[in-house]
Structure formats: structure tokens, C-alpha cells
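Visitor: If you want the building blocks of each chain, they are given just below.
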Amino acid sequence: MRIYDLATAEQDFIAEVAARSHQDVRTCYQCGNCTAGCPYTFVYDYSVSQIMRLIQLGQQETVLRSKSIWLCGSCQSCTTRCPNRIDVAKIMDVCRHMARERGYATEREVKLFADSFLRSVERHGRAFELGLMVDYVLHSGKVFTDLDLAPTALARRKLPFQPHPIVGRDQVERIFQRFRQGGAHA
Amino acid sequence: MRIGVFICHCGSNIAGTVDVRAVAQAAKGFADVVYASDTMYACSEPGQEGIIQAVREHNLDGVVVASCTPRMHEPTFRRTVERAGLNRYCFEMANIREHVSWIGKDTERNTIKATELVRMAVEKLRRNRPLTPKRFDVTKRVLVVGGGVAGIQAALDCAEGGQEVVLVEREQSIGGKMAKLDKTFPTIDCSSCVLGPKMVDVAQHPKITLHTMAEVESVSGYVGNFQVTIRKKARFVDWEKCTGCGLCMEKCPSRKAPDPFNEYLCTAPTINIPFPQAIPKKAAINPETCIMKQKGKCGLCAKICPVKCIDFDQQDELVTVDVGAIVVATGYDLFDWHKYPQYGQGRYPDVITSLQYERLLSASGPTGGHIKRPSDGKEPKTVVFIQCVGSRDRSVDRPYCSGFCCMYTAKQAILTKDHIPDSQSYVFYMDIRSPGKAYDEFTRRAMEEYGAQYVRGRVAMIYPKGDQLIVRGADTLAGTQVEVAADLVVLAVGVEAARGAAVLGEKLRVVPDQYGFFVESHPKLRPVETNTAGVFLAGACQGPKDIPASVAQGSAAAAKVLALLVKDQLESDPQVSRVTPARCVGCGKCVQTCPFGAIKLVEDRFGNPKAEVVETVCQGCGICTVTCPQGAIQLEHFTDNQILAEVQALCPPRIRVNYAS
Amino acid sequence: MVEALKTAIAERLADLEMVIGWEMGFDALHATPLFIREEGDLHRLTLGPLAVHNLATYLPGLKGKKVGVVVKGCDSRSVIQLANEGLIKREDITVFGLCCDGVISHRKLREALPADLGFVEQATWHSDRLQAVVAGHAVEVRLQDILADKCISCRYPNALAADVLVGAARTPAPQPVPCQDAFDALPQAEKLAFWEATMARCIRCYACRNACPLCVCRDHCIATTRDPLWLGQENSPAENFMFQMIHVLHLAGRCTECGECERSCPVDIPLLLLRRSMNRVTEELFDYQAGTTPGQTPPLLTFQVEEARINERGW
Amino acid sequence: MSASDSRELRIVGFLCNWCSYGGADTAGVARFAQPTDLRIIRVPCSGRIDPLFIVRALVNGADGVLVSGCHPRDCHYAEGNFYARRRLETLKRFLDATGIDPARFEYTWVSASEGQRWQHVVTEFTRRIHALGPAPLLRHVSDGAWFDAAAPAAAGPACPCHG
Amino acid sequence: MPKVAYYPGCSGQGTSLEYERSTRAVCQAVGLELVDVPDWSCCGSSPAHMVNHVLSAALSARNLDLAHSLGMEVVATPCPSCLTNLRNAAVEMEDEGFRSKVNALLDRPYTGAVDPQSVLQVLVEQVGVDEVARRVTKPLTGLRVACYYGCIMNRPPERMRFDDHENPMAMDRLMEAIGLEVAPFPLKVECCGASFGVPRGDIVMRLSGKLLDAARGLGVDAMVTACPLCQMNLDLRQRQINAALHERFRIPVFYYTQLLGLALDVPRQELGLDRLCVDPRLALGKIKAPAPVQ
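Chains as they are written, first to last, in this note's numbering: chain F, 1 to 186; chain H, 1 to 661; chain B, 1 to 315; chain X, 1 to 163; chain P, 1 to 294.
Since the hints were made in silico from the structure, they are not lab data.
Misleading hints may appear alongside valid ones.
[As the list claims (entries may be wrong)] What follows is a list of derived Cβ distance ranges for each label pair:
id, chain 1, residue 1, chain 2, residue 2, range
1, X, Ala30, H, Asp32, 33 to 43 Å
2, P, Pro157, B, Glu307, 25 to 35 Å
3, H, Asp422, F, Gln11, 46 to 56 Å
4, P, Glu158, H, Glu483, 37 to 47 Å
Where is the CB? At the ideal position from N, CA and C, for every residue including glycine.
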């Protein structure tokens, strides 16, 4: 097991998480209610309460390299039930942002799917489901993803072959451009 | 005046961030100050001797001590100056600890602030007048509000001490929460076996008058002389005659009355004695479910009662008593766990409170002491206990620890194993709080001897599956989620202030804290006193407490009462209002606004109306002083001139021209 | 109107120690209080726009005596307020109430004339116009141009709670007072500057206090005592201002806006600006106008557990 | 905090003994840091606070005045804060006509157990007063003159002709 | 007649076309006017807020701005994921600092205060359950269902401010109003696996499998949802779940608007019952009234 030197707690990391999430991580007293309710615990490498603890201990590397932050489904059960009113789901979100910015993507497919989705939105203004699936398969190399579903889905006309482009497509595109140019730091 | 000023270091508490020598030096320059020095601990024996010596050596007639809050040591130093031969009101304090050194770190600013506060105190002192207290007679009787174990203890101790006691209880019987318990920790002795004899003592003690089904209607007066009106609610049974034979209970055809004593696990006959050991053991009718009261016919109880004590026309009765002291022992209520929607909000009958579980365990309870779960009466094999339901949880505004849930949960886990040897208990806890004699050993026994599985974590949700309840929680020590299928879930609900405490607090002028518990006069040194003289606290009305602590406080409150009532006369605080008759125009505005009726209009020898203060009734609030435009009525020690002097000391009029004139 | 009043007074004079009214004063533009003790005094009684004094001011000093008093609408509120505060006994007072068309402001009159009031040679009223000869010039002034401010905003032209009411009831037609509006519009800092400049000319003569019907402290007014000592005796704007604060706060919930303070001020300090501002506050907070309802408790001598119009101050 | 960066302003507090003074003590015992500008005058009850004390302080040049009493219904004297609430609200609304900024005066309720709330109140009020800056002053009498006149008055019995 | 702006959401153009069309048809049948947000774009869904909150809010704010330009106070959406994004954006932009960052990404700054709500909320609060019941012409008696709300429609409660967050009842009450027997489903707000279907199918298998298992335990004929993603996970992926868990679930999963539509007797082609993957005909056959079987 990994041994943490408490003195090496990265205070900047703690402060950054607190500032970006607007949550006071010190108020967590490790009751475990977030973990108790979290439906995703079975795929996590660290439970939500452990993530919270690791943040309190300033263990940036462990947190941002964890799979858990990518596998959180933002279902809000932790936030809803926290006795200290911490928006835990938002902290998980913020950790994901920080991991992405620092180039960690422990759950590659999860990241790639999000990327494909946003590329689709950027291109068409709306999410084009068939297109983004193709994009995801191309980027992830996972050729067989949901292939078994294709006949059912296509038969029920659930995946139109044409995107629904919108007039203001360029407006949406510019949102992404400005974002990439660093127009928003939060 | 010849004033001496003493600046306290309070060790480093003050001297750490205030230059006390500089303050003393500056004080020497203040008007009328002839002596100033600093002292390590002004309140200590040498500190006080130093003050007395200085008074004598420098012929002082007034003393200012700059130290901690006057709410702490003003009485101490008043006694000191009295010992030095001065009137105790020729003394002022400047609070340079709580209001200066403890709240700011900037020594320069603190020193200036402390100096100004001393100057303010000196200016006030220059306008002080020697005051002499009046004496008045004490009513030698005590009112105890609340007949739980704390109130019972206080009542018995006061009565044994020779004082008359009036004990008022809201419910039909005394005994409080403790009477509902099956066993008590950490000895597992029978609760009613311990409490029962004390309840009987209350009933039999010649000095105790007991009013149950009664509440305090109003309170007036002051320490030594309270007038209390008690409302005795109609019980529709003449308790003078009722023998408690219980025949009516057996025959009553309306058996669906709510049963608060059994925590609503079952219903009760409409005419009822709540439990076999009830004191007084008298029946009362619930008018809500009584067929006679609702529909005008039935009257079966009246027909069969051997002593003919049923009285359907009985009304509430008001009783007035004079008492010299009041003990408040109104206890607590349980947190309403329905605030946690994730525990089902009552949709699952097999999720119950810990107190309901006590009734299931109790031989006098609805199941005769056999653990049967409410839904289907089956004996549960897997019992899950969830701690901290409504404790240590900010999201439901209950951030405090209720103190004794860890212990009673351990007890219940042990008793569960005793009752059902092939059962398994699981206890979800956050931390185990068991500081007390033989307490921690007790929780260890629950785990080690009785095999209760303790799981460190909260429970996020309970949901039914088949005839069981799935409890999903966390085990933070294992670092993951856990689930267990339970037959019965017991919520260790936390403690909150008794419903109705706020209303009673208003009547008694006892202040509740933000959670509704009554505030003691000092958290360490005056734990059973309140800020209203003559009113004392006992038990959980002051904060969560277990039985030994409640009993100890009951005795402590009784000791305070006895020390008060042993005196035949009390001194009244001379900081009361005083009228200058020549200035009074007799308009009566002060009479109109006085909350205590302490001012009356009398005629002077020319027949002109003039206000006059009844010194023993006046409480010294000063509302009248502000009401009187000509300043004819002044609150001693807080006169207009004294407060103005403080204002002027802080805001000396400055010459400054802002506008071209 | 005056004849009807004379008859009414004559009928009751026997039971009263005196009746206080007005008579013409030292010149044609001033009236002065008249103390009617016998019927022979009655012919001197006068009414009209020069009857400016609030005669209720005398009543607290006559406490215990049976007296009559002639009051305009505004003055009648003082009687009610004094009785509500127990400063007079209402049953001792016989109130001869008037229905009033307003009285003049001598300051405005002075400003309307080409020379000081001392040079007035002759003056006669022709309904609502005053014709006068001043320093040889004939001038005509309309009453509405020299009407006292309190009459412009008057809501109670007819005496309230009068035992005898003389004249036909007038319909109130309150108008905003221009100088109040102008003052209200000033930025805060300018208001302070205004008072500093204004208070600089106060000579602390206490005429405003002495003329006030509700200032009953007299010798014991805290502005002039040493115990309590509220006020330095220096004549500085700050201390003069402080005195006015004492006056206005002691009148909070009591002032009936009769305007005697402002009228009596020898240096024309517009004291009604403060009075009106305070009365507005007590009206909006407590729905209360002093001296309009007999038996009512003044708002600062009582309270509601839940105040309908005061928001709890949260932090 | 920003208030302590600049020079101190003069803030006068009137606190009732039973609740707010106790609350300030509680804040002190808990070491809740506060700006140093405030000076507290202790009175038994908010019902003892004459609005004229507040005016006196403001006329004398106080930059802010803070009054605090027991929460309504919790008054140690049962009714004092109810009277105070009417008096203080009346003053607060009237201040505008005097030209003194009503924001320089505030009143609130703090109980003896609310140390944290007291810290918040002091910090916020001090911040507010610093945002307003030093109060404009009316021209005044010279320093000391008041004391010279006042001290003898308190020393002996009052002059008979003035009662 | 109540009137709100309407934001259909991207899945309504594809995978959940039947939800989108039945929503429109039902609203028309109960007299709720939906005014389409013109030229709406994607709200960003979960991928956007996984990347950056400002970006996510900006994608939503463009649509809020368009709704604002319609002069509407409420914008309704059938999709809880869209709702979450729109609502987060609306609430967080109450903070000036955040608002200016968002507006920096937009062509036209958003200055309005449009309140995003679910169509379900609008139906319950502005039309009313009683009104819906009054308009029912073909009550669906004989059918037992479990209502599944999904994890984010009511959570976190401070943000969503609608219905109970542990035991929501809005859909239950609507379904009862149209004659259905509604089983007390204990996992109403448990997560189905959300958008992990594509990148981590195993998650959806397990979580949605639990939901189907609980529903089966209650002996229901069908499940009812209000979320395109939930419906897809439970319906389209039910075969995958069966394969992964060695189960034999055959529980049709309706959109609540489809069942409302049946009871209100809206034209069948608007309901798209043929687009459901688990064949609903067996379940619908249980309806005692003249059975609307195709």
C-alpha cells in the first residue's frame, strides 16, 4: 500500500479544489454517507469518501490519477445526502477538470466519449448520435462497441442518418473556440 | 474622587497582546486617578490584597479594574473593594480580555483600545454613587417544573432539605423518559426498578405537592417571591376519589386512543392509566376518543366505577402558588427522524426509533417484552442500529452530539442478543462516544461478548426487498460500501430541546440557545444557575444528558435552592430606578411601560401625582429612564450622566470645520 | 362665526375659571391670547387668519383648573394628545372648536411687504385678501400667498373632539409643502450642511421649546439641567443641533405639527422640516398621527410582539 | 480583513448585559478575531438605550453606532427589546432628515450563545463603516469643556432651584 | 391556457423521438402550449460539465437567451439531463463573476432570468393532476407499473426544487390519475448508469439490472420513465443486460407521456409505441378498457 507523508500535503491542491468547487473540504468528517449512497462504488478504485479524505490530505497525484473521478456518474446522491452540505459531486467534477487539464485520463474511453460528443456538438450545433458513435469508434478503436444494438436501434429508427444542423451552428462553434483560447477559467 | 486603576495581565491572556504597563501609565493621566498599576492576576488572592492595600495607602474612594468580562468577576471585585472599606458600587470594570486581547492580535491597537476602555470606566466611576441594598422576605417554597428523573431528584432533595416543593408535570404520570426505558446502561439494571421507588417517594413525601397533567400558565415576581399560576388540565376523573383499580380501563369500549407512553406503537383505552407503576396511579379520559365526550352517550366507566369518580364535566383548573425558587427540569424530546427522507419517512413500519425499541424490550410494553417487529409481529433475526440520526448533522440543523445514543445503542444490541440468542445486530456508527465510568468497557462488551457487528459509516438509504429492508451504508474502515438485509431497523434518534421549552422559557425569562436548550449562567462555574436569579436548571433541558448526569444536576439544583431558601431575607439589587420627585410631572409614562409593575403613582403633599419605585420589585432594566423626557427617573449605576460620560469619553467633542460657514 | 362663538362661551363661562381665546394685539397684523374671565371680556374676542397661537400650550400649566380653550383643527390635536398622555384632564377642559381656513405666516407676510412689519400703517382684510398701507405704499396680499406651511398641508381643518364646534365643516385639501419637498430632495451631505449653517444662527433662546404645547418639562428640560447633563452650553452648531435632536426625539410620536416652534423662532429656523420628517416616520411605522384619536397610546409607550412594519434586522 | 488595513474609525456599541454583551464575551472566549474599531458600552437592557445616546455619539463624531440586544421574546426583562425596537427603528428612519447617514447606525439582536454571529455582525458593520469613511462632523465645542461642566454636577446634590 | 418555452433536446431528434412527439401531443391534449425555442442548440449534456463548468453553462446559456427572447419566464424540457444543465447554468449565473465568464464565451450575453423546468413539473404544477384526470377518456385500468424518475430530475433538492428528492411522487400521481396501479418502487432515484453505456457498458448492465430486478420483484407489468437516457439503458440495453447478468428480463419501459397519450386518446402515431425495444403489446393487452393494441 502507498504510504503518505502527511507533511507533503499539497496545500495548493487543497486550495484549488476548494476555490474551483466553492466547497469547504475541511467540513468533511468522513462519515461515509457519500460512499454509502454511491451507485458507482463497485467500479471505483477509491470510494468517494476516500477521495474526499485524499483531498483533505493534499494527495494530488493519487486523486487525479484515480479512476473514480472518471467513473462518477454525477448522480448527485452524495451531494444530496451529505450531512455537511458539501456538494461532493461538484468536487468530483472539479477533480475531473483538473485531471483533464493536467493530462491525466485514467479512464480513456470515458474521456474519449465525452470528446466525441462535444466534437459533434461543435460541428453540428446539436449532438448527432450516429455521427458521434462513429467518431468515438474511430478514436477509441473499439470497433465492436454496441454493434449488437445496431439492428434494434436502426429498425426502430432511433439513429437518423442525417444530423440536424442548426442555423446558429457558427455561434456554438465560436463558444468552443473562445473556450479553447482560454476565454474561461473556472 | 480618588480613583485607583488596576490593569490585569491575566498571565499572558491580556499581557500577550496588550501593553498593560502602557495602559496603567496612561491611566495616571486621567481625571481623578491618583493611583494606577498593573497586576499579574487581579482576581487572585495577592491581586485582591494588592487592591485593598492600595485603597488604604492611597486613600482611594473608587476602583477600576481592567481585566476580564464583568459578567465573570464583577461580583468578586465588588467584594474586594467592600473588604477595603468602600461601597461595593464605587467600582467599575473594563473588559480588556474578551473584548480586546482575545479578539485582536495587533498590540498597538489593542493597547489604545484598552486605554480607552479604562478611560471610559474611569469617567463612569466618577459619576457612581454609593448604593445600599434593601432586604425583603423569602417565600420558602420551590417549584419544580418537570417530573422526569432530574425533576424527581431535585424535588426529593429539596423536600429532604426541609423545603416545601410543588412539582408540576405535563404528562399523566411522573417518570419522564426514564420510565419508558427497559434497562439502563452500563449496568443493565431495570429502569423502573431504579426509578419506581423514587416515584413512590415523591407521592408519599409530606413536603411535596404533585400536579400532573399540569403546566405552568404564568410566572411573575422575582427571586424569593415568584407567583406561579398552574393550569391543571381536565382529566374527567376525580383524582381525590380514584383508587387506580383499573376496572374502567378494562371495560372502556373505545380502545383506540393514542398511547404516547408506548411511543404510539399501540393504542390505549380512552380511560387509561399509562403504565402499572404510574404516579399518581389515577385514570384519566382522553376527550378526543371518548364516546361520551364526542357523542354524548356511553358513560360505561361512570356506571362501573366502584367509587363513582368519573366527572365528564370537569374543567381545567388554575392553581396559584407563591414560591421562592424555581427548578426547570423539562427534559428533552427526540429528533423527528422523518426529516431524513432516505429512511422512508414512515413508509416502512419496521423502521422504528430507539425509544420505540425500548418499549418492545420492556416487559410492560405492548409486546410484553418480546421483540416483535411492527409489520407482521415476527421476531427479527437481523437487527440494524443506525446511530447519529439527527445528531452531528448540519444539514438538519443538529450539529451537536446527543451524547448518550452510543451507549444506549450498545445496550440495545446487548439486550437484542439476550432476547433472541440467534440474532445478529449491526451498528452503524460514526465515532463511539463513551467517556464515563465503565462506559467504554460496556461498548466493547457489546462487540466482543455479544457479537454486535459495528460498522463505521453512515447509512445512505433503506429500501424494502421482500419482507426485509435493505440497509445500504458505508464501512469507511474497509473503505467501501456495505449492504445488509435487515428484519428490523432501529434509528438511534438524537436529542432535541423539549417542545414547549421556548414558551416556558419566555415565561421564566430563561434564554434558550440556538437549538432550544436553556442557557446556563456560566458554562463552567454556574452550570445549574440561569441568568434569572432564583431559576435553576436540571437535566437535559440544558443540553443532552444521560441519567447519572441528570440526577447529579437535579441534586445540584436542589443544593442551590436550599442555599437560597435557608435565608429568611434576601438583599435586593440596589441598581434600580430612582425618582427625583421635583422633576417628575406625574404623567405616568414610566408606570405604563414598566414590565414589572414596579412603579406606582403616589401623591405628594400638594396632591400632585409623582412616580415612586418599589425597589424590591424593580429589576433594573431602565426602560422607564428612556421613557421619561425630563430624566426624572434614573436607573442607578446606569444613569444618563454615566452613560453620557462613557459616550463622551469615547467620542470627545472635536473641533472640526467641514463646511465653509 | 365669532358671534356664535361668543354666545357659546357666554353660556358656559359661569362654570369655567376662564376661557382662552384671541384678541387683536399691538398692531393690525397681530393677534394675541385673550383670557376671558367674565362676559365683559368677550367683546375683545377675535378670530381669523391672525389667530395663529396654539392656545392649548397654556393648558398643562392650568392643570387642575376648569378652563375653556378656543382651538383650531391643529390646536385641537394638542388637546387630545395632552389628555392621552395624562398631562391634562380632558374632563377639566371645555373645548371650543373652530372650522379653520388657515392662518398666516408672519414670516411670509414680512417677505411679501415692501417694508418691515413695524412700518404697517393700516391693514384690513377683505375676505381672503389683505389690504395694507406700509411706509406710505398701498399693498394687497392674498391670504393663500402668506398661508402658514402647516395650513397648506392641513389634514384636520375642523377641530377634533370639540365640546362646541363653531362654523361649517371645511373639507381638508392637503397639499405638499414646497420647502419640505425641496429639503427632502437634498442629498444627505447637503442636508447636514444645511443644518450646520442653519444651526449656526440659533441663539438657544428656547422659544421653540417654550411655545411647544407638548414640552411639559419646563424647568426640568434636560437641555438646561446639569443632572442629567446632556448638552454643553456653548453656542455651537453641533450643540444647537443636539438640542434640536432632543426636542424632536422627545416629540417622536407626540408632535401634532401645530407649528408653534417654527413660528416662535426669532431667527426663522425651519423646525417643521424635522417635525414633519419625524411624523412621517411614526406614521409609516405605526400608522399613527398624534392627537387624532382620543384614548390612543402613543406608539413609543407600547409595542407589538410582531411588528407589522418593522423588518427584523438580519445579518 | 480589509477594515484593519486602514486607520481605525470610531465605532461605539451599546450592548445589553444579558444577551449581546454575553455574545461578545462568547466570541472573545472562542477567540473569534474581530476588527478593533468597536468600543462597547454595557447597559442592562436594550430598553435602557436612549436614542439620544446614539445621536450624542454621532454628533460628537462617532463614525458608526451599533446597538445589539436580546432577540425579540428573549429579553431578560421580558419587554425591553420590544420598546427598543420601536425607538431604534424610529431613529434609524428619521436620521436621513438630519443629514446623518442612516447606514452609520445599525441595531441587531445577538444572544449570549451567538459568538460567531457577533463576530459576523462586528466584522460586517466595521466593513460598512470603513466603506462609508470618516463621518462628516458638525462644528463643536472644545474638548474638555464638557467634562469641566459635568463632573461637579455629578459630585454633589443637585442645585435646589433646579430640582 | 398555460404557455411555456420548449426545449426538446438532442435525443428527442433521434433515440427518444417517441418521447419528444408524445410530449408534444400530450401537452396539446391537456391545453399546455409549448413554444419552441428557435434554433436551439445542444445544452452540452454531461460531457460538457465533465470538461468545464463555464463551457457547459455557455452552451446552455445560448438556449436560455433564445428562450428569453421569446419573452418566456419558464423553459420546459422533457429531458432531465438537459434540465440539469440548463438549470445549473441559470442558477450559477446568478453569481455575477460566473455570469461574466460565461458571457465572455457567447456572441450575445445572456441577461435574462428564465427558469428551466421539466415538462413533468409544468404538467403537475401548471396543468395539475386533477385536470389531467378530468381529460382522461380511456383509463388504463388493469396495468401495474413502477415509476422510475432517474437520479437527477429531483437532485440535488436545493437546486432542482421540485418534488421529494428521495421519494418523488409527481409521475406516480399522474399515472394513478390515468387509472394505472402504481407499485411503490423503492429505487425511484437510483442511478441507471447514465451515459456510461457506450464507454463502460458494464456499469449500465449492473445498475440498470438492479432496477429491473427491483421492478420485477414488485410484480409490475411495465416501468415508466421520464428520461431518454434511463429509457435507453433500461429498454434498448435490456437484451445486453440479460446477456451480461444471465437474466430473462422482459419488462417494457414506457415514457410516461406515452401512457398519458393512450389515456387521453391522442392519435396513436404520435406515441411511437412501435419504437420501444421491449415489445409492450403483452403489457398493453392487460388493460381492461377497450385495449389499444396495435
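Visitor: Hint by hint, say whether it matches the structure.
Guide: Results of checking the hints against the structure:
| no. | hint | verdict |
| --- | --- | --- |
| 1 | Ala30/X <-> Asp32/H: 33 to 43 Å | 36 Å, holds |
| 2 | Pro157/P <-> Glu307/B: 25 to 35 Å | 33 Å, holds |
| 3 | Asp422/H <-> Gln11/F: 46 to 56 Å | 53 Å, holds |
| 4 | Glu158/P <-> Glu483/H: 37 to 47 Å | 28 Å, violated |
Of the numbered hints listed earlier, the single one contradicted by the structure is hint 4.
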